[in-house]
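**Q** Those protein sequences? They're chains A and B, same order as listed.
For the first sequence, the tail end lands on 455 under full-length UniProt numbering, and the numbers increase by one without skipping.
For the second sequence, the tail end lands on 455 under full-length UniProt numbering, and the numbers increase by one without skipping.
Hints were generated in silico from the structure; no laboratory data involved.
Careful, some of the hints might be misleading.
Intra- or inter-copy, both count: the list cannot distinguish identical chains.
[Stated by the list, open to error] Here are the computed lysine-lysine pairs in the BS3-like style, where the Cα-Cα straight-line distance is at most 30 Å:
| # | residue 1 | residue 2 |
| --- | --- | --- |
| 1 | Lys314 | Lys432 |
| 2 | Lys450 | Lys105 |
| 3 | Lys438 | Lys289 |
| 4 | Lys211 | Lys314 |
| 5 | Lys434 | Lys169 |
| 6 | Lys31 | Lys139 |
| 7 | Lys268 | Lys359 |
| 8 | Lys371 | Lys289 |
Here the structure is a predicted model, which means the values were calculated and not measured.
2 protein chains.
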Amino acid sequence: MKVCKFGGTSVASADQIRKVVDIVTSDSDRKIVVVSAPGKRFSDDSKVTDLLIRLGERALANEDAESDLLEVVDRYRSIAENLGLDSDIVHQIEQDLRNRLSRDKEDILLFMDTMKAAGEDNNAKLIAAYLQFIGVEAKYVCPREGGLLVNDRPERVRALPEGDERLAKLRDEPGIIVFPGFFGYTEDGTLRTFNRGGSDITGSIIAAAVKADLYENFTDVDSVFAANPTVIENPVAIEKMTYREMRELAYAGFSVFHDEALIPAFRKSIPVSIKNTNNPEAPGTLIVKERDYNEQQVIGIAADSGFTAIYVDKFLMNLEIGFGRRLLQIFEEEGISYEHTPSGIDNLSIIIRSRFMTKEMEERIVERIHKELEPDAVIVEHDYSMIVLVGEGMQYTTGLAARAATAIARSGSNIEMINQGSSEVSLVFGVKVKDETKSLKELYNEFFVKSYVQS
Amino acid sequence: MKVCKFGGTSVASADQIRKVVDIVTSDSDRKIVVVSAPGKRFSDDSKVTDLLIRLGERALANEDAESDLLEVVDRYRSIAENLGLDSDIVHQIEQDLRNRLSRDKEDILLFMDTMKAAGEDNNAKLIAAYLQFIGVEAKYVCPREGGLLVNDRPERVRALPEGDERLAKLRDEPGIIVFPGFFGYTEDGTLRTFNRGGSDITGSIIAAAVKADLYENFTDVDSVFAANPTVIENPVAIEKMTYREMRELAYAGFSVFHDEALIPAFRKSIPVSIKNTNNPEAPGTLIVKERDYNEQQVIGIAADSGFTAIYVDKFLMNLEIGFGRRLLQIFEEEGISYEHTPSGIDNLSIIIRSRFMTKEMEERIVERIHKELEPDAVIVEHDYSMIVLVGEGMQYTTGLAARAATAIARSGSNIEMINQGSSEVSLVFGVKVKDETKSLKELYNEFFVKSYVQS
Chain A
1 MKVCKFGGTS
11 VASADQIRKV
21 VDIVTSDSDR
31 KIVVVSAPGK
41 RFSDDSKVTD
51 LLIRLGERAL
61 ANEDAESDLL
71 EVVDRYRSIA
81 ENLGLDSDIV
91 HQIEQDLRNR
101 LSRDKEDILL
111 FMDTMKAAGE
121 DNNAKLIAAY
131 LQFIGVEAKY
141 VCPREGGLLV
151 NDRPERVRAL
161 PEGDERLAKL
171 RDEPGIIVFP
181 GFFGYTEDGT
191 LRTFNRGGSD
201 ITGSIIAAAV
211 KADLYENFTD
221 VDSVFAANPT
231 VIENPVAIEK
241 MTYREMRELA
251 YAGFSVFHDE
261 ALIPAFRKSI
271 PVSIKNTNNP
281 EAPGTLIVKE
291 RDYNEQQVIG
301 IAADSGFTAI
311 YVDKFLMNLE
321 IGFGRRLLQI
331 FEEEGISYEH
341 TPSGIDNLSI
351 IIRSRFMTKE
361 MEERIVERIH
371 KELEPDAVIV
381 EHDYSMIVLV
391 GEGMQYTTGL
401 AARAATAIAR
411 SGSNIEMINQ
421 GSSEVSLVFG
431 VKVKDETKSL
441 KELYNEFFVK
451 SYVQS
Chain B
1 MKVCKFGGTS
11 VASADQIRKV
21 VDIVTSDSDR
31 KIVVVSAPGK
41 RFSDDSKVTD
51 LLIRLGERAL
61 ANEDAESDLL
71 EVVDRYRSIA
81 ENLGLDSDIV
91 HQIEQDLRNR
101 LSRDKEDILL
111 FMDTMKAAGE
121 DNNAKLIAAY
131 LQFIGVEAKY
141 VCPREGGLLV
151 NDRPERVRAL
161 PEGDERLAKL
171 RDEPGIIVFP
181 GFFGYTEDGT
191 LRTFNRGGSD
201 ITGSIIAAAV
211 KADLYENFTD
221 VDSVFAANPT
231 VIENPVAIEK
241 MTYREMRELA
251 YAGFSVFHDE
261 ALIPAFRKSI
271 PVSIKNTNNP
281 EAPGTLIVKE
291 RDYNEQQVIG
301 IAADSGFTAI
311 YVDKFLMNLE
321 IGFGRRLLQI
331 FEEEGISYEH
341 TPSGIDNLSI
351 IIRSRFMTKE
361 MEERIVERIH
371 KELEPDAVIV
381 EHDYSMIVLV
391 GEGMQYTTGL
401 AARAATAIAR
411 SGSNIEMINQ
421 GSSEVSLVFG
431 VKVKDETKSL
441 KELYNEFFVK
451 SYVQS
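So here's chain A without its partners, still in its complex pose (with noise of 0.2 Å):
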């Protein structure tokens, strides 16, 4: 049995839902379709839930909303058009908004979670009536009877494991199931969304709770690529890789997939497969426990800009026991969370991303240091981009990182930082930005182009 998740380009327009509806009706062992809300057709389009994350401020703000509230309306209704459905559908949608909009506003964030997880609902209804109307049995389930249980926790909302039973009962219910993703009920009822690109999550937590086969992420791209496709030209596809190796990728800059979202699949062993809606005979990648690491070590090379370097050092600080742990609590206590700590025997590094901490915060972490560690120096480096190799053959290759830095070397960028751990699945490199380019196409030549012969 599948799960299968379309994304927001999948189901963005009636001829997208006819070919996520040939998708599913394909293949018998596609039982339950997680659907987001309808994404954009076109490069200069909105998003639904954009939509209505402007309709909720409006109404917020006591604004006449109307407009707001017929231009959503109006998606539907394009889309119900064209598959062919009668009006009873787009009333149905209408009511509904109407409905979330009269709702009691004294909690904005719960009346905007109501808001935007309209989008996601309305869709997954009309996508379950067409269904129907072509004459498959097919049925909308309401994540709050399919027992999609949340956290109260709205700044970090999670799945809780005590829905899981009531989920794994979908496997059971006769037909397509169509879910609507990105949103929860808590114990109480209350709706709370997850964070944006919260389908995959939903999708996810089926997948585990009704123990799949394999859980299917629909979406735009016909694969994984082991390198950004706007830096290197047609980059080779990534066929199968581990769920740690997507996890690093991830980190910088894939944004195939959502994190979170590799959880429930990851604890419960369930394969993952990423294909594309408009053309869903292509092979995609699939995300596996293990995969035969002597094939290819290196699977793929990610690189991601915006990182800030703080470096202090003092005198004999490898003698003082909890001089590390004293500085990473400074960050923690600023909220920051850091992603490297290089060290020297009497340096260490703190590696964030410098999107986390504004000017003040610095300023202000700068003086704690010098306050309460008493360095003798402390220098913050912005602009440093890090370059990271994923593969899980990786620590059993001799030579590698010699590689990789040579590599590096001959495309005449410095090496500012080199972050390899023990058992780990990636080899970190920090450079600066004005380097990242040059080296991340020298490392795909190295490790991903056979005819490159080293200049």
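Let chain A serve as the given structure and place chain B on it in line with the hints.
**A** Here is chain B on its own, set in the frame of chain A:
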């Protein structure tokens, strides 16, 4: 003006002390002489400090210590007689030892400190007497009168800056000052010793306080070498290096100069010279604040075994603010200082010196990590070696990490860990113990053997 410190082997016998006196009197800038206790005269010999420790322990156990006492006195007698001194000084030393032995033994630490300090104290008196005997204006100065003031934390004795003013006055004393190393006094007059090898510290404190032009550290090697001479045949001598470079080398097995001893000299930018008492004409090694990095990017390569890696893996670890801090806190609460913390996206390794962690502590730590951090995996790996490439020029040199990693690969060794941070003076490679020597040899070839042709 120069402060000279002579180590144990340099003052172990009358012949050695004559060499010391020749060195001191050959340069009128050599004003303050810090001496150790008599060390070994031959490889099976005992150091006087070790004899004193045995003597003190006998006394504490209420055992007959007379023969142990006489063995110490005999060592001084043999030196005094061979220097042609009359027996007055030997009687003084014997009386001093008997006085120390008869002191209150309630505070065991203080009693043992008092016994241990007798080695340096009496040697300083003896050498001052010999200088006077041959007609050189000289006097012994007791650390209490001299101003070597220390804090009252017996477990971590440190010089207090409040003593500096008094120490600085040693400059104005007539003749040569002979000052015993290794111990100082607290504000209330309690004797406290530094760590073993603490005479280096005494010399450095005085050199800083009197603002010496040079702090000469006389020992039994011609210079600091670029690599361990027991592994690399005839390694090149280091003529000049920076404090930071010395410190990095000292960390991984270069034990020429006491770690803490560098601090006072470093803080006041006093150049430190490592010289050989037995070959004072050799240029030695000069340790300074800055050097011309273009001449030599890599100054030395150190290697040390006995490291353990504790690897912790948790899916989405990197989204948990405070994960790394909480992990480090467990080690801090166990009183274990760590060396490096290489990290991937979802994993973190703590590299520690194996000797700091007993089997029991290891089990407790692993249990705490499981309980408090709920990781996916905790793996402890022993038998790591760290190889440290040291050089202030490295950070400006493109391709250096590549050359190093390539050399290690060429030796057939696998790199388990790499740690290079921003602005650093060192590049640290972790390898398995079995690969340490061959990696070190190949790195030495790469960076120090000009004629070396890559195989």
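**Q** Going through the numbered hints above, which ones does this structure break? Give me the numbers in ascending order.
**A** Violated: hints 2, 3, 5 and 7.
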